[in-house]
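Participant: Listed in order, the protein sequences are those of chains A and B.
Note that this note's numbering numbers the first sequence so that position 188 is 188, with each residue one more than the last.
Note that this note's numbering numbers the second sequence so that position 243 is 243, with each residue one more than the last.
No wet-lab data here; the hints were simulated from the structure.
Quick reminder that beta carbons are idealized off the backbone N, C-alpha and C, glycines included.
Keep in mind that a hint or two might mislead.
Selected chain B positions facing chain A (Cβ under 10 angstroms, derived; list incomplete) [said to hold, decoys possible]:
id, residue
1, Ala16
2, Ser51
3, Asp219
4, Asp227
5, Arg229
6, Glu246
7, Val250
Short, incomplete list of chain B residues facing chain A, as computed with Cβ under 7 angstroms [what the hints assert, rightly or not]:
id, residue
8, Met14
9, Thr18
10, Asp20
11, Phe53
12, Ala54
13, Pro57
14, Ala164
Residue strings, one per chain:
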Amino acid sequence: MEAVDEPRGSDPVGHALLACAAGEQSAMATLYDLTAAKVYGLALRVLRNPALAEEVAQEIFVEAWQRCAGYAPDRGSGLAWLLTITHRRAVDRVRSVQASTVRDSAYGLEDAAAGQPDVAEQAVASVEAGRVRKALHGLSHLQRQAVELAFLDGLTHAEVADELRVPLGTVKSRIRDGVTRLKAALGGDGHD
Amino acid sequence: MTDDLHDQVAGYAMDALTPDERAAFEAHLAQCADCRDELDGLRETLADWGSDFAVEPPETLRAAVLDAVAQLPAPSAQAAKEPPITDTRPATDDPPATDTQPATVTALPARDRSGWERWRVLVAAALAVVAVIGISVWQPWAPRAITAADVLAAPDAVRATSSAPGGGSATLVRSNSLGRAVLITQGMAPAQAGTVHQAWLMHPSGGPTSAGLMADAPDQTMLLEGDARDATGAGISVEPPGGSTEPTTVIIEIGL
Ligand SMILES: [Zn+2]
Numbered sequence: 001m002e003a004v005d006e007p008r009g010s011d012p013v014g015h016a017l018l019a020c021a022a023g024e025q026s027a028m029a030t031l032y033d034l035t036a037a038k039v040y041g042l043a044l045r046v047l048r049n050p051a052l053a054e055e056v057a058q059e060i061f062v063e064a065w066q067r068c069a070g071y072a073p074d075r076g077s078g079l080a081w082l083l084t085i086t087h088r089r090a091v092d093r094v095r096s097v098q099a100s101t102v103r104d105s106a107y108g109l110e111d112a113a114a115g116q117p118d119v120a121e122q123a124v125a126s127v128e129a130g131r132v133r134k135a136l137h138g139l140s141h142l143q144r145q146a147v148e149l150a151f152l153d154g155l156t157h158a159e160v161a162d163e164l165r166v167p168l169g170t171v172k173s174r175i176r177d178g179v180t181r182l183k184a185a186l187g188g189d190g191h192d
Numbered sequence: 001m002t003d004d005l006h007d008q009v010a011g012y013a014m015d016a017l018t019p020d021e022r023a024a025f026e027a028h029l030a031q032c033a034d035c036r037d038e039l040d041g042l043r044e045t046l047a048d049w050g051s052d053f054a055v056e057p058p059e060t061l062r063a064a065v066l067d068a069v070a071q072l073p074a075p076s077a078q079a080a081k082e083p084p085i086t087d088t089r090p091a092t093d094d095p096p097a098t099d100t101q102p103a104t105v106t107a108l109p110a111r112d113r114s115g116w117e118r119w120r121v122l123v124a125a126a127l128a129v130v131a132v133i134g135i136s137v138w139q140p141w142a143p144r145a146i147t148a149a150d151v152l153a154a155p156d157a158v159r160a161t162s163s164a165p166g167g168g169s170a171t172l173v174r175s176n177s178l179g180r181a182v183l184i185t186q187g188m189a190p191a192q193a194g195t196v197h198q199a200w201l202m203h204p205s206g207g208p209t210s211a212g213l214m215a216d217a218p219d220q221t222m223l224l225e226g227d228a229r230d231a232t233g234a235g236i237s238v239e240p241p242g243g244s245t246e247p248t249t250v251i252i253e254i255g256l
């Protein structure tokens, strides 16, 4: 194994994180330009509120700056590292907001796929999009519902069980199987 | 517990766990290279999926982010202030060392306190340590090793105390969610020259398993080695230097 501090293959996001870790302020602009749409878009999808998503996205980039020294290229891509922070922050915020306001029951299953109308219009074309959508279609109906409620709406296992009216154990295994299947479908022809 | 902690990795990757479950899984993650590898893979998959929702943010966000970062110290300086456990990962797949004792152990109250009072002070101190460390716990790919303080603060911790015939006492604290146990000794006579004290875990089936050699001190808090899930008790024995594979002379037993 050579060059431990180089991200494997070409990973511009990983490179930017390593440069941030070296204290280069300019790398933050690079990181932002490479990832802002993905960070903001995922936060918006989970939070469903543009003002909140903007606020959380700013917190995420600040956190990325503070934590980039912990990015380990041998463990994964820079984007996966950053979107892990993004998802965690967005979900934690959605839960703290929901703790004070009753969950809007209009967020039904049908709505979950649609999102806000302007979100769909603004969506940046992604080369990955077709691949992921196809992989999602390979899941059973219940698996897909369960993983979408958990990942996209930030629900806990118990909340997913409640929403789908199936036992908790079933939800846990559907989420586990669903995400495993998704990984298998996306795995082989992945990056690089 | 029917739920294997390994099975929580998908729920953890998707942030579908409650705060308690998340903390328990992070403790498991620090011990389990399989789950860390699995998690790395799942994060790539979820990043693919998460990228599907890309939307250009408002133009003002860029300047807001860069201005905010410009006010902050460089990351390395920032990271240096953090507890070191979160920032260092061994190059191998082995989990980080688990035998680091919380600094609070040295700050134990004087020996004349009653056991219960000492216990309360110890737990309060341990909780304070956990609260400080907790802030930096969840950093991606840097799971933190379980400490004695984690076990003492675990919501499902159970404990039992026994007195040693030769004076002193030992308290066993076990958390099934963390799968670890802690042994706290007070006023125990030190091992005689040419011998060591060895700790053991008792299990519902099978013989005792070694939980490590004890330090030569009358008062100590020791994170026991080995899986303590469903352990039924612990013991301390006198052994030749280097320890033994089976207890020779047991000087105290604590049953849960
Ligand atoms: Zn595991």
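Participant: None of the hints should be skipped; say for each whether it holds.
Facilitator: Checked hints:
1. Ala16: Constraint on B/Ala16 satisfied, holds at 4 angstroms.
2. Ser51: holds, 5 angstroms
3. Asp219: Not OK, violated: B/Asp219 not within 10 angstroms of chain A, min 35 angstroms.
4. Asp227: Interface hint status for B/Asp227: violated (22 angstroms vs cutoff 10 angstroms).
5. Arg229: It is violated, given that the least Cβ distance between B/Arg229 and chain A is near 19 angstroms, above 10 angstroms.
6. Glu246: violated, 40 angstroms
7. Val250: violated, 41 angstroms
8. Met14: Hint holds; B/Met14 Cβ to chain A Cβ min 5 angstroms, cut 7 angstroms.
9. Thr18: Check passed: Cβ of B/Thr18 comes within 6 angstroms of chain A, closer than 7 angstroms.
10. Asp20: violated, 11 angstroms
11. Phe53: Since chain A brings a Cβ to about 4 angstroms from B/Phe53, closer than 7 angstroms, the hint holds.
12. Ala54: Holds: closest Cβ of chain A sits about 4 angstroms from B/Ala54, inside 7 angstroms.
13. Pro57: holds, 4 angstroms
14. Ala164: With Cβ-Cβ at 44 angstroms, over 7 angstroms, it is violated.
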